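K.L.:
Which chain is which? The protein sequence lines are A and B, in order.
The first sequence runs 1 to 628 under UniProt numbering.
The second sequence runs 1 to 210 under UniProt numbering.
By construction, these hints were calculated from the structure, which means they are not laboratory data.
One thing to keep in mind: the hints can contain errors.
[What the hints assert, rightly or not] Pulled a few chain B residues facing chain A out of the computed Cβ check, cut under 10 Å:
1. 19
2. 56
3. 83
Every value quoted in this text rests on a predicted model; they were computed, and no experiment measured them.
All C-beta atoms, glycine included, are put in the ideal place defined by N, C-alpha and C.
Residue strings, one per chain:
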Amino acid sequence: MRMLCDWARLQRWLTKVCSLCLLLLLPGLSTAVGQTISETRAPRILVLYPYDERIAATTVAGEAVRKRLLDATGGKIDLFSEFLDLSRFPEAEHVDRMGKFLAEKYAVRQPDVVIALGEQSANFIAKHRASLAKDARLVVAGFNRSTALRMNLPADVTGVFTEFNILKTAELARRLQPDARHLFVIGGSSEFDRWWLEAAKTDLTSFSKNYDTTYLENLTIEELAARAAAFPRDSIVLMLTIFKDRSGRNFIPRDAVKQIAANANAPIYGPYPTYLDYGIVGGNVVTFESLGTTVAELALDVLHGKPVEHAQAPLVDMVDARQLKRWGLSDKYLPPGTVQMFRQPSLLEDHWIDVSVAVFVVALQSVVITILLLERRRRLKAEIQSRHRLLEVIHLNQSATAGALSASIAHELNQPLGAIRSNAEAASIVLRSPFPDLKLIEQILVDIRDDDQRAHDIISRMRGLLKKRREIDWQVFDLNELTSTAIKILQGEAVRRGIVVSSSRAEDPLPIRADRLHVQQVILNIAINAMDSMGVAGTNKNISLETRLTKDAKAELSISDSGDGIPEDKLATIFEPFYTTKAAGTGLGLSIARTIAETYGGRILASNRCGGGAVFRLVLPLARSDHP
Amino acid sequence: MNPIIHIVDDDLSFRIALGRLLSASGYGVALYASGEELLARLPGIEHGCILLDLDMPGLSGLALQEKLSTMAPLLPIVFLTGHGDIKAGVQAMKAGADDFLEKPATADILLETIDKSLRRADIRQEEFARTNASRARLSNLTPREFEVLRLLVRGKLNKQIAHALGTSERTIKAHRHNLMEKIGARSLAEAVSIAERLGLVDLVEEGDAS
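Bound-form chain A, shown alone (with noise of 0.2 Å):
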């Protein structure tokens, strides 16, 4: 947004500045007028069209004159205008009459500079000269000088002369394709045609002699065309005038030019530009424009009474954008100045402000979005940072637990080992009698097996309680079960401890979804702390372990034991970290079953019995079914 007003303030301050310099300059200008035309008035120009108004050369020519004119004097000045129309009317009677009424139309507003555009104004004016215009300063333009001398105009009259410069052009078609080989230079049979003809010749001499030069003449339009079509691709073809062809038809060239480059199978080149947007490349030529600004200047100095000479419009080069890209040349090897015409504006071009304004906008969003990105991905990374180190502290947790039940569960184990031996040697004592009962051996070989495997599942359990999860093991299972291993687990240090544990079960299966193991180390850590609770002496120690589905739809695990209970001032702050009543506690043990509970969209809730003792709740969330 910024940048958008600093933008705004330096046009508005360009256009101040200019204004300025306008008015500084304007009483200067009025001075040099007033001093050759009077004290008074401003300066009249007449301009003369030969044709109506709707003629293309009329409208860019003249406009750009009265654009000069008007901008050199601020406007001070009348400009006139009159179309001849002397194609429609070309009857000496129609010349007569309008030399006439405009000799009375500017009788009383005598003009002090004509301006005649094209040949057929210049003879106009020649002719009527006395009686529209006797001290007018006369500038013709619109032809070329040859033209002019063979007009025999009046030596006082200022021309401003168009000259076509083969060479140039030429010269444009050798910087456009670098590695053209062939040359074509095709002409007409009219006499223009063949003395244009010769003069190219003379001017492309030297230029020539780099290319395989055909100069193409006197052919019908039909043969030149088809032999166009077989023209080599690295071919530079140059294209005068053909007025008329072998065969005696006329042209207007710039149709003849068409015919041509239709078929042609190389780009085309010519000096003029009404032959832009007839299938030509491009060439070094005069444009209207660059006409009406010449002999603007030149009205101009004579209004100032300067000294002029005849001058000559200037050549630019000239290219059509869209024979470039159908020839895929590089508009990169244009000289400086070259006009392009036809050239799609890019969107750049044409809404530059617009454009800077959405590039701006769409790069500050897109900065907004990277930024937003890296955030995003910052955050991911610290999310799963935290949750391996979530999964660390639970994985400690979990061994904590299994080391403080080792003792339990070294006992569980030794149940069914000492069972094994006894029974394999009670198994060697009976095969060792006269006649062993092999009934009995083989019911003692039966109970081996089972007792290997309750051996077996012992560890599986531990085995549990020791593993490491370095991601998330998400499954569905049915709390209802896993309180029942965990309850296996808790037995014999619940023995050890004199502890009765005492479970009930919901009716239907308790499906949630979730890590097994960090839901069995909740109810681990609970039961633990549980068990603690209730000291060393005392009678009629009991947990219990009850699962039930709640009445808005989620599984609940109570357990409940018959300690000291919690005091009620702490009961808000025995799930925070480092929370401990006990000397050895490490006091994350509830702050861990919190944690995980709420890993898995649950929580965990503790409150006093009314007959004494905690009694702590753990909800999770039923995983949904899939057939519901």
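Using the hints provided, position chain B relative to the given structure of chain A.
P.N.:
Just chain B now, kept in the frame of chain A:
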């Protein structure tokens, strides 16, 4: 009468396996899932040895031992435990356990321990029987004869006894003859040893002090 090994263990499989081993080794075996079960059948249990698990739901091994010390003091108890906890071991031995074994004990150690405790039990049993017999005989004495014996084992002479009891020496001689016959002692030394076994020596000392 064949000694019976009473196995008390809450673990069925272990109980059965141990029973098989001992049975194969020639012992009579009785199995109990808990201390309460054993106590319920106690009146019929006299001869043999108790193999007792330490940690059991309900009555623990040590609690059962305490009850048995009054209810069946002569039955030897061998503890068989999953965790050899020194504290529990010392407590059990102090309370009169015969031995304290860790599970899983090898058959050799187990059988040797059982044998030893059964032998010791036999000796205790004999001693107990003797004492009981002596005590029974002692109960046949008349109060006068009991008084005479009390003073006799303190080393008093007939004359001194007669003086202490305010009677004649001849009467004391007759009492002495009768009581020696009743307790089955052929000499004074034998009578002293019986009195000692029955805890009468202390009484003698006491009386002496008074």
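K.L.:
Take the hints in turn and mark each one as holding or not.
P.N.:
Each hint, compared with the structure:
Given hint, residue 19 (chain B) at the interface with chain A, holds; its Cβ is 8 Å from that chain's nearest Cβ, closer than 10 Å. Satisfaction of the interface hint for residue 56 (chain B) is found here, the shortest Cβ-Cβ separation to chain A being roughly 7 Å, below the 10 Å cut-off. The criterion of a C-beta within 10 Å of any C-beta in chain A is met by residue 83 (chain B), whose closest approach is roughly 5 Å, and the hint holds.
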